[in-house]
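Those protein sequences? They're chains A and B, same order as listed.
Residues 1 to 348, numbered by UniProt numbering, are exactly what the first sequence covers, in order.
Residues 1 to 348, numbered by UniProt numbering, are exactly what the second sequence covers, in order.
Quick caveat, the hints were computed from the structure, so don't treat them as lab data.
Some clues are possibly wrong.
[To be verified] Partial selection, computed: residues in chain B whose CB lies under 8 Å from chain A:
(1) 116
(2) 230
(3) 276
(4) 304
[To be verified] Here are the simulated EDC-like cross-link-like pairs (lysine to aspartate or glutamate), alpha carbons at most 20 Å apart as the crow flies:
(5) 258/B - 288/B
(6) 120/A - 202/B
(7) 129/A - 303/B
(8) 120/A - 302/B
(9) 207/A - 130/A
(10) 160/A - 185/A
(11) 129/B - 303/A
(12) 120/A - 130/B
(13) 129/A - 130/B
(14) 91/B - 196/B
(15) 115/A - 288/A
(16) 129/B - 130/A
(17) 160/A - 130/A
(18) 120/B - 185/A
(19) 129/B - 185/A
(20) 120/B - 256/A
(21) 129/A - 302/B
(22) 120/B - 302/A
[Said to hold, decoys possible] Computed footprint of chain A on chain B, listed as stretches where at least three residues anywhere in the stretch have a Cβ under 8 Å from a Cβ of chain A:
(23) 118-132
(24) 261-267
We treat Cβ as the ideally placed atom computed from N, Cα and C, and that holds for glycine.
2 protein chains.
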Amino acid sequence: MAGYQKILYILTVSVFIAVFVITTNNNFNVILKPAINRVSRRSADRFLLSNKDAPVKGEGEMLGSSENRSLLPFSQSEEWHRHVNGCRTVKIGDTAHETFPAHKNSSVASSSNTKYFVDKLLTSRGHAKDVYGHRTVINNPLRSFSVVEPGGPNGCVERKRSTVVKTSRARGCHAAVNAGFFGSESGACMGNVVTDGKRIQDGGGIKNANFGIRKDGTIVVRYLSEMDVLREDNPFVQLVTGVIWLVRNGTVYVNESKAQDCAGLQEYGPMDKFVNVLSARVAVGHDDQGRVVLVQIDGNTEERGLSLWEFAEFLLSLGVVNAINLDGGGSVTFVLDGTVANYPADHW
Amino acid sequence: MAGYQKILYILTVSVFIAVFVITTNNNFNVILKPAINRVSRRSADRFLLSNKDAPVKGEGEMLGSSENRSLLPFSQSEEWHRHVNGCRTVKIGDTAHETFPAHKNSSVASSSNTKYFVDKLLTSRGHAKDVYGHRTVINNPLRSFSVVEPGGPNGCVERKRSTVVKTSRARGCHAAVNAGFFGSESGACMGNVVTDGKRIQDGGGIKNANFGIRKDGTIVVRYLSEMDVLREDNPFVQLVTGVIWLVRNGTVYVNESKAQDCAGLQEYGPMDKFVNVLSARVAVGHDDQGRVVLVQIDGNTEERGLSLWEFAEFLLSLGVVNAINLDGGGSVTFVLDGTVANYPADHW
């Protein structure tokens, strides 16, 4: 989640449709979506249609995070290397990790399956709340899943600004969602980025949870040293960095992760606030069959949505084994066949 | 809203995209969407993904109204002519009506504009609830707005079963939503249906609120006698029948309408229950510029969504001048560019 009325870059995850798998190529996409914030705050006035100028869905709207205040602005792209909240960088060595063989089944026709849901969650106070969102399960992820830069190739180095819709349509994705964090002032992509076998940037070993796939199809969920990211043997073909490792090996890992993950990639606030606040959320992970799973939840920061504790529990209920938390809040946009299919918090 | 686990027919409203207006033709569509119910009831279990088998969005899912119990099943297509709840049929004469010149502006490029919203409503008990939905505003409705049968032409007489997605894609619509009521047992379309100048069926003068456009572009919102529907001078080119006239000439008309509208077209229950229950809702109406307005609200019957009182107030807040209530509940599906863009209550 980035600062109020700032220009944002988001790394997103998408999947090509099965038709493309069969008829064209294996080039599948994760969309990097920068967005411009043009939102006015929603009021609580009775029956007021507060978003009279809400973006037209499916037509390249620009979204941002007006609802999320920034307490840790990163005006320089180097900022996220700093030691923030005890944040470390790890140059070499074997940090905490989970690896898992990716699903590989040539007899499965569909490369992915997306479902929407409106589920009831019991809050810690004992009352029920509705959770709206989507879940995409991706078969044969080595072929079907990609990380994609905003606006396409060179989007990170050029600090391009685009939307999930535009980038998704340009790549012909079936499902696409925003993913990585970014500097709201600089527009810079943050963390490690590897897309379709091309290493775009590395985070200098910054300690944040990563999700990636190696060349041999191994799914990797872990903290990565700089060396891990740069190694040439069985290199990463897809890689994205998040903030907070939500689920590890089938258990909630938020507490442990809070003490480890650097808070700097996100601009909402101190780690505690970032973890506890209700908001729209996005996660990428995998299930016990090695299928990649994308989960998006609608919300509005500080009002509606899930905390990361709730989000982690929710992911477990979906059968997710490992998952990291990606950019949430006003950035959260789930696009299906080029059309926004969720209710993003931001609108103008 | 139709009965639990029954086969449904729904008349829907859609709009062609601006590109088609400019480049191809003026043939715009309202989709009739029959649906097959294959839903299991959602439980309130903690964190349970109760709709594990939720339909894949955007891929022609079949939806129905499992959550809505039927108290007035119509097994014979003639049933809705009966006198139910003091329901009358009107053969001739001038019944209550509102007419309005349709928006006509050749300099307006876009034929429609769709926005999503998540708004807070204050309930009568004083607490706030979130309302998720879409609003489509249609310019030059005489050219841009159509009523369409399920699965395309002859859908009503053949009692075809299709979805909003399928029918919308076949017609290349920009926006589409379910609309008219239908017999869950028979699959028959109910009420008056006129599509693109072709009169499909008439309701025999059954007293229910109608929404239509005449050949000269006049928007008509009214109770119609059989004679009104059948007249050849300035005939209807588009016409659909609902249950309950929500907003009349800028005021809430639910109370007056309750005493007049026949309850028989809907299968949820007695008129009072139908009006008061919380549910997903759809309305068609117009604003003070003569633009046709479609409004869809997400919900889950008896749990979430709006009563018709709340829905009428909400429509007023959107600047709607006249509007009728169309089929709600599990049928409610809003499709944008061929992709489901809301969170339908029903899923399997």
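Hint check results:
no.: 1; hint: 116; verdict: holds, 5 Å
no.: 2; hint: 230; verdict: violated, 38 Å
no.: 3; hint: 276; verdict: violated, 18 Å
no.: 4; hint: 304; verdict: holds, 6 Å
no.: 5; hint: 258/B - 288/B; verdict: violated, 25 Å
no.: 6; hint: 120/A - 202/B; verdict: violated, 42 Å
no.: 7; hint: 129/A - 303/B; verdict: holds, 11 Å
no.: 8; hint: 120/A - 302/B; verdict: holds, 14 Å
no.: 9; hint: 207/A - 130/A; verdict: violated, 33 Å
no.: 10; hint: 160/A - 185/A; verdict: holds, 13 Å
no.: 11; hint: 129/B - 303/A; verdict: holds, 11 Å
no.: 12; hint: 120/A - 130/B; verdict: holds, 14 Å
no.: 13; hint: 129/A - 130/B; verdict: holds, 11 Å
no.: 14; hint: 91/B - 196/B; verdict: violated, 24 Å
no.: 15; hint: 115/A - 288/A; verdict: holds, 18 Å
no.: 16; hint: 129/B - 130/A; verdict: holds, 11 Å
no.: 17; hint: 160/A - 130/A; verdict: violated, 35 Å
no.: 18; hint: 120/B - 185/A; verdict: violated, 31 Å
no.: 19; hint: 129/B - 185/A; verdict: violated, 34 Å
no.: 20; hint: 120/B - 256/A; verdict: violated, 36 Å
no.: 21; hint: 129/A - 302/B; verdict: holds, 15 Å
no.: 22; hint: 120/B - 302/A; verdict: holds, 14 Å
no.: 23; hint: 118-132; verdict: holds (count 8)
no.: 24; hint: 261-267; verdict: violated (count 0)
Of the numbered hints given earlier, the model fails hints 2, 3, 5, 6, 9, 14, 17, 18, 19, 20 and 24; all others are met.
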